[in-house]
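Q: Each residue of the sequence shown is one higher than the one before, counting from 1146 in our numbering.
Keep in mind that the hints are not guaranteed to be accurate.
Derived DEER-like restraints, expressed as beta-carbon distance ranges [as the list claims (entries may be wrong)]:
{"hint": "1", "residue 1": "Asp1181", "residue 2": "Gly1203", "range": "31 to 39 Å"}
{"hint": "2", "residue 1": "Gly1217", "residue 2": "Gly1254", "range": "16 to 24 Å"}
{"hint": "3", "residue 1": "Asp1285", "residue 2": "Asp1202", "range": "41 to 49 Å"}
{"hint": "4", "residue 1": "Asn1204", "residue 2": "Gly1279", "range": "36 to 44 Å"}
{"hint": "5", "residue 1": "Ser1276", "residue 2": "His1300", "range": "18 to 26 Å"}
In case anyone wonders, no lab produced these hints; they're calculated from the structure.
Quick reminder that beta carbons are idealized off the backbone N, C-alpha and C, glycines included.
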Amino acid sequence: MSSTWITRAETSADIPAIREIDLAAFPTALEADLVDALRADPAAWIDGLSLVAADDDGNPVSHALLTRCHIGGTPALCLGPVAVRPERQQSGAGSAAVLAALAAAGDMGEYHVVVLGHPAYYPRFGFSRASLHGIGVTIDVPDEALMALTLDAAHPLPGGTVRYAAPFGI
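Produce the entire structure from the sequences given, and follow the hints as far as they go.
A: Put into structure tokens, the structure is as follows:
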């Protein structure tokens, strides 16, 4: 089993594999359907910010997606879903996809990323509790689950309420 991952932006050929990864990684089709809806939303989708980590044969085993959101009036990115094939979890494939996605976002001149996720996982990438930066959401979530990151220290995180892309339904 590979411990070195090939990371790259998704291609149209990867779309079925990404859906399979999401269906395998989550208990329902909700996340797979969300990825499809985000891909179809021109206000949310940013080419080059849907990243996969592939095995030595080029087969995607994990996926990390960044789409447009706003913190108050400031453009930002939302990380998620992030998924890894169950048999490849704990292998570094998820981290590789997330790191590649964050690097691609920085290369595109993006500054801010939010994630609603597991508070023990995302701090390894530099995320911290969003409320410490005056960032919140309109739904009831555990405070430690909403996290934020700036990709450029010269651009501190803005405060405000996160406005997600329409497919999130938030």
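Q: I'd like to know which numbered hints this structure contradicts. Please list them from smallest to largest.
A: 1
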